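Make the full structure from the sequences, and use the hints.
2 protein chains.
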Amino acid sequence: MQTYPDCIPCLLQQALKATRLCGINECRVFPVMKRILRCMANFDPDLSPPEMAMYIHRIIRGECGNPDPYSGMKHQAIAAALGHESRIRQMIMASETPFRAAVRFALVGNVLDFAIFDWNPQRLEEQLELALHQPLDETALTRLEKEVESATKIMVLGDNAGESVFDKLLIEQLGRKQVTYAVRGNPTINDVTMADAVASGLNNTAKLLGNGSDAPGTLLERVSGEFRREFDSADLVIAKGQGNYESLSNSGRRIFFLTQVKCPVIARDLQKRIGDWVIAESKATVNSQCGA
Amino acid sequence: MQTYPDCIPCLLQQALKATRLCGINECRVFPVMKRILRCMANFDPDLSPPEMAMYIHRIIRGECGNPDPYSGMKHQAIAAALGHESRIRQMIMASETPFRAAVRFALVGNVLDFAIFDWNPQRLEEQLELALHQPLDETALTRLEKEVESATKIMVLGDNAGESVFDKLLIEQLGRKQVTYAVRGNPTINDVTMADAVASGLNNTAKLLGNGSDAPGTLLERVSGEFRREFDSADLVIAKGQGNYESLSNSGRRIFFLTQVKCPVIARDLQKRIGDWVIAESKATVNSQCGA
Chain A
1 MQTYPDCIPC LLQQALKATR LCGINECRVF PVMKRILRCM ANFDPDLSPP
51 EMAMYIHRII RGECGNPDPY SGMKHQAIAA ALGHESRIRQ MIMASETPFR
101 AAVRFALVGN VLDFAIFDWN PQRLEEQLEL ALHQPLDETA LTRLEKEVES
151 ATKIMVLGDN AGESVFDKLL IEQLGRKQVT YAVRGNPTIN DVTMADAVAS
201 GLNNTAKLLG NGSDAPGTLL ERVSGEFRRE FDSADLVIAK GQGNYESLSN
251 SGRRIFFLTQ VKCPVIARDL QKRIGDWVIA ESKATVNSQC GA
Chain B
1 MQTYPDCIPC LLQQALKATR LCGINECRVF PVMKRILRCM ANFDPDLSPP
51 EMAMYIHRII RGECGNPDPY SGMKHQAIAA ALGHESRIRQ MIMASETPFR
101 AAVRFALVGN VLDFAIFDWN PQRLEEQLEL ALHQPLDETA LTRLEKEVES
151 ATKIMVLGDN AGESVFDKLL IEQLGRKQVT YAVRGNPTIN DVTMADAVAS
201 GLNNTAKLLG NGSDAPGTLL ERVSGEFRRE FDSADLVIAK GQGNYESLSN
251 SGRRIFFLTQ VKCPVIARDL QKRIGDWVIA ESKATVNSQC GA
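Going down the list, the sequences are from chains A and B.
Residues in the first sequence are numbered from 1 upward in steps of one, following the working numbering.
Residues in the second sequence are numbered from 1 upward in steps of one, following the working numbering.
FYI, nobody ran anything at the bench for these hints, they're computed from the structure.
All the pointers check out, no bait thrown in.
DSS-like mimics (lysine-lysine), calculated; alpha carbons at most 25 Å apart, straight line: (1) B:Lys207 <-> B:Lys146; (2) B:Lys17 <-> B:Lys34; (3) A:Lys17 <-> B:Lys17; (4) A:Lys207 <-> A:Lys146; (5) A:Lys262 <-> A:Lys17; (6) B:Lys272 <-> A:Lys17; (7) A:Lys17 <-> B:Lys34; (8) A:Lys34 <-> B:Lys34; (9) B:Lys262 <-> A:Lys17; (10) A:Lys17 <-> A:Lys34; (11) A:Lys177 <-> A:Lys207; (12) B:Lys177 <-> B:Lys146; (13) B:Lys207 <-> B:Lys153; (14) B:Lys262 <-> B:Lys17; (15) B:Lys17 <-> A:Lys272; (16) B:Lys177 <-> B:Lys153; (17) B:Lys177 <-> B:Lys207; (18) A:Lys177 <-> A:Lys146; (19) B:Lys272 <-> B:Lys146; (20) B:Lys17 <-> A:Lys34; (21) A:Lys153 <-> A:Lys177; (22) A:Lys262 <-> B:Lys17; (23) A:Lys262 <-> A:Lys272.
Per label pair, the in silico range of CB-to-CB distance: (24) A:Arg123 <-> B:Arg229: 51 to 59 Å; (25) B:Ser251 <-> A:Asn120: 36 to 44 Å; (26) A:Glu149 <-> B:Phe117: 52 to 60 Å; (27) A:Ala94 <-> B:Gln271: 50 to 58 Å; (28) B:Arg229 <-> A:Lys17: 43 to 51 Å; (29) B:Gln134 <-> A:Glu125: 37 to 45 Å.
Remember, predicted model here, so these are calculated numbers, not experimental data.
Ideal Cβ positions, reconstructed from N, Cα and C, are used throughout, including at glycine.
Printed below as a string of structure tokens:
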């Protein structure tokens, strides 16, 4: 997906929030925002929003001198999710359709997005209550279920730390497949990294693979060769979250995206509403409406 | 008031809205936003937000090739306000405290701000219903009333077109004083200009004076000499709206500001909440907390 004009104020609002979450001295916030403005002024809108976000968070990490400033929040989110794990696994196992229930809980996990939301354990609990009742495209869910059945090699692209615990419960329902769980190559916002995936217990459930990049999405021009080979050779790719959708929706390969809709641009792109839960299959590549 | 980091995404959101209100082709919106980003990246935060907004709207007017792109909306707002004029004047005259009632209606008029709100006749009517009941600092209102009584020369700084009709009703209650109504020197957003003031019927009520600038506020470094002399020699200055507050709150002279609170930065500065109606007296000059 291209970056839309509407992404500009939104990314800057997220950046501003991040400067404060990362503890940047208030007197440094304006100068940091100016660096971000300059960077954004030179950005090619044919690139996707996670590429812009990558640059923004490089600037913020550089300024606060901390390579992983969301580490504390990620630990909190993982701990909270692990606290729910056993109960949710029981609910999935008790369901008549465990795979479908697991997809729903994987969608709950996508609320743990600290670029957009604040860390709020109550919001997570509210979403867990909703999990089995939230409207969802059941036909798309059936198509995904069939794809899983026929696949041998499955790649799951993680999104946020904490959400990763819910992804583990989904992977447990994929059956006896070769599953690779891909994480960000380096920390960015609260996105799941190798260390976060291990802390989420995923190392016993899937092959873990860093994607070689610090973008809060999956930028195929920036991932490692190993990631790219696994991505290209997987029978099925399941991508979690908006960042992966934004960066891969026009990748040319078939992907199942599982995400909550969190912004009006994505809502328009998917013809959904903010707050909706979505199972979307990637469309054929489309060009920017305004040309290069 | 300085420009805060929080003003950056907000001004960009307003700019984006303006590109569309002004009919800029959607394919040109991203390039225009880039020009604005570049301009903002070079902005001195010790200057006030209306100075930044001035540059933004110069870019937008230049792009759409229309020196007054809000003209149609301004005419609509003036016509709507004129439609209420006679009824409101009767309500003011019927009040036990006509001056105080007129101040309240002048505050209603401040909702006609198309940088922030959309044109919505219903919102205006809702606010008119509220006018005589909305909480207001009655002590400040009494101080303003006393200042009016003792003043000979009064300057009223207008804000938006349409609001100007309500300002006229206030000026009618100032008694037999020399009143100058100052307007923007050139069109910017839907701010009141000389032509708008005349269309609002103000030419029969006050001396009209353009301030010589196209900022959506009053930048004392950019106003005409004539404006500055009137401003300095007035016994009392009443300034309408957030833009005038942002640009004059630290001017060093005593000013009564009448505004609705429309953003969290102003709310924090005035220790009020968004939506509050405010009568504020200018404070002594304060320096930026972060130095130059």
